[in-house]
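Trainee: Each chain, written out:
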Amino acid sequence: MGKVIVVTSGKGGVGKTTSSAALGAALAQNGEKVVVVDFDVGLRNLDLVMGAERRVVYDLVNVIQGEAKLTQALIRDKRVETLYLLPASQTRDKDNLTPEGVEKVIASLKKAFDWVICDSPAGIERGATLAMRHADVAIVVTNPEVSSVRDSDRIIGLLDSKTVKAENGERMEKHLLLTRYDPTRAERGDMLKVDDVLEILSIPLLGIIPESMDVLRASNLGSPVTLADEGSAPSRAYFDAVRRLRGEALPVTVPGERRGFFGKLFGRKAA
Amino acid sequence: MLTKPRPIRLKGRSFLALSLAPELPFEDWLAGLDDLAARSAGFFLRRPVVLDVSSLVEIKKADLRELVNELSQRNVRVMGLEGARHSLLGPDMPPAMNDGRPASDFDPAAEDEIAVAKESVEAQEAPAVETIAAAGPSIQVTGSLVVTEPVRSGQSVFFPEGDVTIVGSVASGAEIVAGGSIHVYGTLRGRALAGTTGNGTARIFCRKLEAEMMAIDGFYLTAEDMEPDLRGRAVQVWLEGHALKTGILG
Chain A
1 MGKVIVVTSG
11 KGGVGKTTSS
21 AALGAALAQN
31 GEKVVVVDFD
41 VGLRNLDLVM
51 GAERRVVYDL
61 VNVIQGEAKL
71 TQALIRDKRV
81 ETLYLLPASQ
91 TRDKDNLTPE
101 GVEKVIASLK
111 KAFDWVICDS
121 PAGIERGATL
131 AMRHADVAIV
141 VTNPEVSSVR
151 DSDRIIGLLD
161 SKTVKAENGE
171 RMEKHLLLTR
181 YDPTRAERGD
191 MLKVDDVLEI
201 LSIPLLGIIP
211 ESMDVLRASN
221 LGSPVTLADE
231 GSAPSRAYFD
241 AVRRLRGEAL
251 PVTVPGERRG
261 FFGKLFGRKA
271 A
Chain B
1001 MLTKPRPIRL
1011 KGRSFLALSL
1021 APELPFEDWL
1031 AGLDDLAARS
1041 AGFFLRRPVV
1051 LDVSSLVEIK
1061 KADLRELVNE
1071 LSQRNVRVMG
1081 LEGARHSLLG
1091 PDMPPAMNDG
1101 RPASDFDPAA
1111 EDEIAVAKES
1121 VEAQEAPAVE
1131 TIAAAGPSIQ
1141 VTGSLVVTEP
1151 VRSGQSVFFP
1161 EGDVTIVGSV
1171 ASGAEIVAGG
1181 SIHVYGTLRG
1191 RALAGTTGNG
1201 TARIFCRKLE
1211 AEMMAIDGFY
1221 LTAEDMEPDL
1231 RGRAVQVWLE
1241 GHALKTGILG
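Chains as they are written, first to last, in our numbering: chain A, 1 to 271; chain B, 1001 to 1250.
Each hint should be verified, as a subset may be incorrect.
Selected chain A positions facing chain B (in silico; Cβ < 8 angstroms) [said to hold, decoys possible]:
(1) ILE156
(2) GLY157
(3) SER202
No wet-lab data here; the hints were simulated from the structure.
Note that CB positions come from ideal geometry on N, CA and C, so glycine has one too.
Could you build the full structure based on these sequences and the hints that come with them?
Mentor: Written out as structure tokens, the structure reads:
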């Protein structure tokens, strides 16, 4: 049985889709079977970031409504053959996502894949709650600024109450992925510092992705940054995050900075 | 065949409501309420509110009706009147309520002097009575609620029965409502409302103060009114008269 990961944040534009694609591609490069599912019905973007926008025939809503088989809707990545995409519908309404339909799709994906990554839409409405509902692990994507942190806090509350795991009395495994982090601006006080974010959210840190032009460039090329430029600072940060996701105890560092200083600063986990 | 209808069941239940005590002149008081509502948007929304009019001796029914209308325009729904004279009540007014305290045997308006005399006697005797009650056989154990996880934004911990202890932080946009005291072993960033069932001896304690609002028995302190040097410190808050007092712990 595969593991279901939801990538969520509450706030929009913090890097959920970018991170879903990057983590998916990084996980798949080890030969494990990975599917990235776009839950943002009506505002889909994952197909663009993964460079598959011209190959979408059927989508998640078609599968849920029984108009297509799951195998027809899955798109295999051209660069990494164990990486798949299940796109969202751009034309249908969000209400077409039914709890029963999502449950069935996730259950069949879990059987066929090692990792099922659910890219959640922004907000706390239907799409977001359905994306997190069947997750085993949650990755909370947060930018180092107050509104993003508060929205993430709200989402963590929902993860602990509105998911199947929470309703069964189990604990949802939650990880913080701090994206668009700029150490110089954080030092100047323009951004929240890592310690401040960790203190507020009190969940373990999965990784810090530095603010970088490489991410934007990769997105515009239609390639996850972990495929487009493996040596870049954000790529290395995503690869490290994947190692931590697999259970490796790896101290968190900001790539591109001297390890000694930041190793001291970030070489620990919260709560 | 005769069918025996099921008996209608009536249950006495107590609910928690916010109690507002309006003061004359109403224009100024309403302005103050608007100010409070503006600073904590949505606070009165969907909450039952009881108007405590016991201190308004000279008010007329028409004035009170206008006040109720003014409040309903502000989305404050008055579900009852506390301490209202019979002449203020009517079928078009919210129903009369009492909060379970023994009702007075006589009309205080008619026998002012006796009432004052009785009150002063009561005030002197009150501590002694309390001690006896505490030592007596019918010890009332107030409940306590312990939350061992951080309280997240948007979450509300509601415990009118007694004290609430949070082992963790209370996030911005979260809310703790307790009948007794509130203890936060972490950072208090949200709202803490202690003593909401009329318990003026309740206190609020937190390891690190960043609160949006704190209240004890209906007396408020918003972030703007807090002394800046208290921010980030371990603080306790208590009620003295009609004012909230704050002090640094440890």
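Trainee: Going through the earlier hints one by one, which of them does the structure break, listed in rising order?
Mentor: none
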